[in-house]
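**Student:** Residue-level listing of the chains:
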Amino acid sequence: MINVLHLTHAYRQAPWRIQRQWTGAFLVGALILAMISALYLDVTAQAAILGREIQYLQADTIEVQHANADLQTRLATLLSKSNMDARARALGYRPSEQGEIHYVIVRGYSHASGVNLAAVNPPVSVTVTPPEYTQSLLDWIADYLSTPAAGLAANTVP
Amino acid sequence: MKEFSMRREYGWRSLVVAALLPFFALTILAQMIRIQVSPEAADFRDQSDNFAMVKRTFYPERGEIYDRHGHLLAGNETVYTVGVNMPDVVSVDTLARDISGHLGLDYQETYDKLLNPYGLVFVPIANFVDGEKIASLKDAAEQTAKTSAAEFRPSPLSGLEFHPTLQRSYPENALAANIIGFFNRNQRGNFGVEEKYNDLLAGTPVEAWVPQDPNRAAEIPYVPNGTSLILTIDRDLQAAVEGLLDQAMTDYGAQNGTIIVMNPRNGEIMAMATTPRLNLNEFWTYGDSFDQSYEFNPAISMQYEPGSVFKVLTMAAGLDTGIITPNTPFYDSGSIIVGDVLIQNWDRRPWGPQDMIGCLQHSLNVCHAWISTTLGKETFYDYMNRFGIGRPTGVDLAGEAPGRLKVPGDADWYPVDLGTNAFGQGVAVSPIQMMMAASAIANGGYMVTPHVLYGMVSEGRQININMEPAGMPIRMETAYTLSQMLAISLENEASLALVPGYRVAGKTGTAEIPVNGYYDSSQTNVSFIGWGPVDDPQFMIYVWLNRPSVSIWANDTAAPLFSDVAQQTVILLNIPPDSIRQQAAQP
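Protein chains in written order, with my numbering: chain A, 1 to 158; chain B, 1 to 587.
In short, the hints are calculated from the structure, not lab data.
Please note: incorrect hints may appear among the correct ones.
[Claimed, not checked] Far from chain B, some chain A residues (derived; all Cβ distances over 10 Å):
id	residue
1	W16
2	R17
3	R20
4	W22
5	L33
6	A34
7	M35
8	A38
9	D143
10	Y144
[Stated by the list, open to error] Chain A stretches covered by chain B per the calculated footprint, using a threshold of three residues with CB under 8 Å from any CB of chain B:
id	segment
11	64 to 74
12	77 to 88
13	100 to 109
14	112 to 120
Virtual Cβ for every residue (Gly too), placed ideally from N, Cα, C.
Working from the sequences, and respecting the hints, build out all of it.
**Tutor:** The following block contains the structure:
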């Protein structure tokens, strides 16, 4: 009996070693938790910064649209009929009258009629940003948990 | 032994503490879970969502309006609402003084608004302030903010805010005002194209929930701008015609007038001038110029007795049925009785033997009443109906008048109307209706729908409008014959309507205006409808003057005005004289 007890004592780890293992495990757990928290915090912070930037950019876009409209109208005012007439007269021009115009016949010539205001590159259809770029981690987990099959279905190749 | 006992006691205490801590932690966790899944939790989440998202309506930028050469006629510009965010206010007095000083407002009124905000968080002080006006106020606010920041105190102009918005702007002011209409501050198009195409121009507003939380950044929904419109109007021709009309008003002492220039081939209206005209950038002065809404654009809204210009339609009906030819003889005795009523010529005298060209040339009422009565009421009114008389033309401008054509069976139709209608009395038309009806004569029998829309631009793509003919009331041969007759009649009388170098066809009209139930020979509507070049019509012009005082006759007023407008038109539309055009057409 004594021999058995001695044997057990001989193979049993020292209490300080067990304590250190527990402490180590706890620290590893805490470290993992801290890393996940830090990662999450980083992602969240970046999302917040980008979100704010998007809001600023949206405001900038509206401001630029307004500036464009202003410039277009201002240009049209500068080129308005009354302004152009006044400038032409100031430069010594006057409207031509009948009898002052000489017509030259150019075979095969046909003047273009009407204006084309179509954009050179029409805007392409707007793509919708995938939710992965807009939702938070918690949102994604919540979505995934509510429809777990959706993620799998999306990757299913028929 | 004692040491062992104490250690044991500490051990127990430690165990109890160790057991209690997780217990508390678990209790807190359980409570958290309970709260999360409690029935109230959903309500709380809903409440938080209400604050997390705000519903916003995104309004598209209103589409622009261009003339046929791409000149901007209606655009947009930024204006501001100047107001104060009350929670940020530091000094009401300074705010009131600076705002009123820079914007030219009354100090006391501004001060009272800020002192008594009636619970408003944001108090608007001035709306629709243009950028130039607020520039000095903005500078002052920035300067004050800098100075205050350097002294570590809040700016006395704290709370001052500028909210931008877009407002309609018309770079050409009053040019083509009657065609364009205006867009008021209640976000509604009034008159003209602005009203007719309001839905297209306005686009479709988009409502969306926008997160307040930057973690949940969401895209602003794509809101395409309103559709831009390209009109058939030629800005330079419009300006020239308006100038000629204004000059004619002075020269002939008319009360108001209208000139329309249209392409008779396709119905494109290239100019439509009326008087008076509103500066569209000051649309709130509308009441100063107009008493009735139809005065805004009489070219489409004013209906009146057209007088002798209507005779071309009677003659067209007679020729088309074959009851007359250009050479049909007619002895003008100076009067004819229709429905027991005596009808006389405009000068109350007989013109003796005539042919149909003579009837047109001398504008004989008796001759045309004879044609209509010979046609019979069924045929005559059938033709008038084919010409669209008494119906709106469908011109794409708001506020068109339908006109009025009494027909047999109507309570107010009398047999004499068959005679008087033949020379444009007892019938009400608008200038645009006359244009549409007469287009059939200029355009080989095909009647066109007058319109001002050339094309639309949406999402960078342009769609041009092609209008189908509105009908064919007369045969091609009839149209050709009548055009020649009208051209000859103008040439025979050496009319002031003639255009050097161009052969034109047309007809004058002098209509006495009924006053208190009787025609007043001293007050007339004078008009002229004509087109050219006769062999290849490229313009059609309608001139109408109300109550000219210099002369009551269209020959002296409307006819020379037509010639002036036609001479400007051929220059601005690059239409060479007949001789050059015929030379160019030769192989």
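**Student:** Could you check the structure against the hints above and give me the numbers of any it violates, in ascending order?
**Tutor:** none
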